[in-house]
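J.: As a plain string of letters, each chain reads:
Number of protein chains: 2
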Amino acid sequence: MTALHEFWQRGFEPVSVAELTAAIGITPPSLYAAFGDKKALFREVVERYQQTHGAFFATALAAEKSVRDGVARALRAAAVEYTRPEHPPGCLVISAAVNCTAASADITELLRAQRATNITALRKRIEADVTDGRLPAGTDADGLAVLVGVILQGMSQHARDGAGTDELLAVAEAAMLAWPANVNAKPLTAA
Amino acid sequence: MTALHEFWQRGFEPVSVAELTAAIGITPPSLYAAFGDKKALFREVVERYQQTHGAFFATALAAEKSVRDGVARALRAAAVEYTRPEHPPGCLVISAAVNCTAASADITELLRAQRATNITALRKRIEADVTDGRLPAGTDADGLAVLVGVILQGMSQHARDGAGTDELLAVAEAAMLAWPANVNAKPLTAA
DNA sequence: ACCTTTCTGTAGTAACCACTATATATATAG
DNA sequence: CTATATATATAGTGGTTACTACAGAAAGGT
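Those protein sequence lines, which keep their order, are chains B and Y. Take 114 as the starting number for the first sequence in the numbering used here and just add one per residue. Take 114 as the starting number for the second sequence in the numbering used here and just add one per residue.
Hints are computed from structural coordinates only; laboratory data are not their basis. Some clues are possibly wrong.
Identical copies carry no separate label here, and so any pair may be met within one copy or between two of them.
[What the hints assert, rightly or not] In silico lysine to aspartate or glutamate, DMTMM-like type, Cα no more than 25 Å apart, as pairs:
hint	residue 1	residue 2
1	K237	E177
2	K178	E286
3	K237	D279
4	K237	E280
5	K237	E286
6	K151	D274
7	K237	D255
8	K152	E222
9	K152	D219
10	K151	E222
11	K237	D182
12	K237	D253
13	K237	D274
14	K178	D253
Computed from a predicted structure; not experimentally measured.
Using the sequences and the hints, build the whole thing.
T.: Written out as structure tokens, the structure reads:
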């Protein structure tokens, strides 16, 4: 059991430094010499998570030409990633700092900012598809981006409630019904 | 500030007994005489929440003849209730026990069971509409119920991230696009 | 008016929290 | 082989946790 798994399973505050040292296999002074303090270790864990388990969304989005197909692929990937048996369910960024004291307000804010950044990136990707004519003019880019964010947060929480991959895949498929269809009149305008 | 508001804002574990006694305006011995312990107080708070702030969903569902219209009304109500400025954002049952130690596993399980019960009730309501012919035969009742549960969980989390009423209302409207249309051939079969 | 009963407030309990001072062992340099 | 430097482990720091023993005040009965 690694520090990542502990934080992923239970969140930031419920995991004690004693559990972290036991998980990593070092003693407290070594942990503080290597990372600084508990919060700094958590930030490193989040960074590592983003580059590995948390990268599926951007990867899926980049793998498709249209943002619609990209989101569809990403939501399906989320259903799979959130329910892998080899690691805790759901998403670390979504679920690790929901219940925090004032002493950890900066950690709460760190993850909140991460989520906001992700939604902003998706919104810009949608806006690009609208200007390129792949999505209808007048499409509510922000609304669609927020909808995807909400679906992801809901899927993460539901995975932590014990939902299986198939259940979340069905949610992903249903969610795509809320998206306007692709406009394929102009396959590629600028390439 | 009441005990309900404290638990609603930050969750079960981050709220200390000292804060609860300050919020209620009593001393620790009085709190333990009146409620038993912190967990028992929380259970009473949850019960009270369900009968007041948490009742909007069942109320909205019962206010419409078809479950489709009921869910649409309930999701709009959620957007409003989750963002009321006079109380903490989101839903207590969804967000109060996300990050817990093993010592509070029973509290986590209590809220998880509440959520499961709500989804089950909705599923049965959907199944009733399918047998009554208000929804197409072969409708995936469980899938739709889970979808609504996921949307609610996502809306609650997003409200806690600072989303406004309008933003969540747009999510509610978009989510209904994933629902099959009403079948109004038979207005009322058994009434 | 006096006694009893209930209720509340102060102060303190052991256990755990993040974190660290000191001492010891290990590794490298000469 | 010795000296120095680094890294480790033990043990403990003050502070906070949920919870409670005990003392004092208010209320009620006669």
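J.: Would you mind marking each hint as holding or not holding in the structure?
T.: Checked hints:
1. Taking the closest pair of Cα atoms, K237 and E177 come within 25 Å of each other only inside a single copy of the chain (15 Å); across copies the shortest separation is 38 Å, beyond that limit.
2. Taking the shortest alpha-carbon separations for K178 and E286, only the intra-copy value of 19 Å comes in at or below 25 Å, while the best inter-copy value is 27 Å.
3. Only between protomers do K237 and D279 lie at most 25 Å apart by alpha-carbon distance; the minimum there is 20 Å, versus 30 Å within a single protomer.
4. Proximity of K237 to E280 under the C-alpha cut-off of 25 Å is restricted to the inter-copy arrangement: shortest distance 17 Å between copies versus 29 Å within a copy.
5. Taking the shortest Cα distances, K237 and E286 sit within 25 Å of each other both inside one copy (23 Å) and across copies (22 Å).
6. Taking the closest pair of Cα atoms, K151 and D274 come within 25 Å of each other only across two copies (24 Å); inside a single copy the shortest separation is 27 Å, beyond that limit.
7. Taking identical chains as interchangeable, the C-alpha atoms of K237 and D255 lie at most 25 Å apart only when both belong to the same chain, with a minimum of 9 Å there against 34 Å between chains.
8. Proximity of K152 and E222 under a CA criterion of 25 Å is satisfied intra-copy only: 12 Å inside one chain copy versus 28 Å between copies.
9. With identical chains, the CA atoms of K152 and D219 are at most 25 Å apart within one copy only, with a shortest distance of 9 Å there and 27 Å across copies.
10. In the homo-oligomer, the alpha carbons of K151 and E222 lie at most 25 Å apart inside one protomer (16 Å), although the nearest pairing across protomers, at 28 Å, exceeds that limit.
11. In this assembly of identical chains, the alpha carbons of K237 and D182 lie at most 25 Å apart only when taken from the same copy (15 Å versus 33 Å across copies).
12. With identical chains, the CA atoms of K237 and D253 are at most 25 Å apart within one copy only, with a shortest distance of 11 Å there and 34 Å across copies.
13. Proximity of K237 and D274 under a CA criterion of 25 Å is satisfied inter-copy only: 20 Å between copies versus 32 Å inside one chain copy.
14. When the C-alpha separation of K178 and D253 is checked against a cutoff of 25 Å, the pair qualifies only within one copy, where the shortest distance is 19 Å, while the shortest distance between copies is 31 Å.
In summary, the structure agrees with every hint in the numbered list given earlier.
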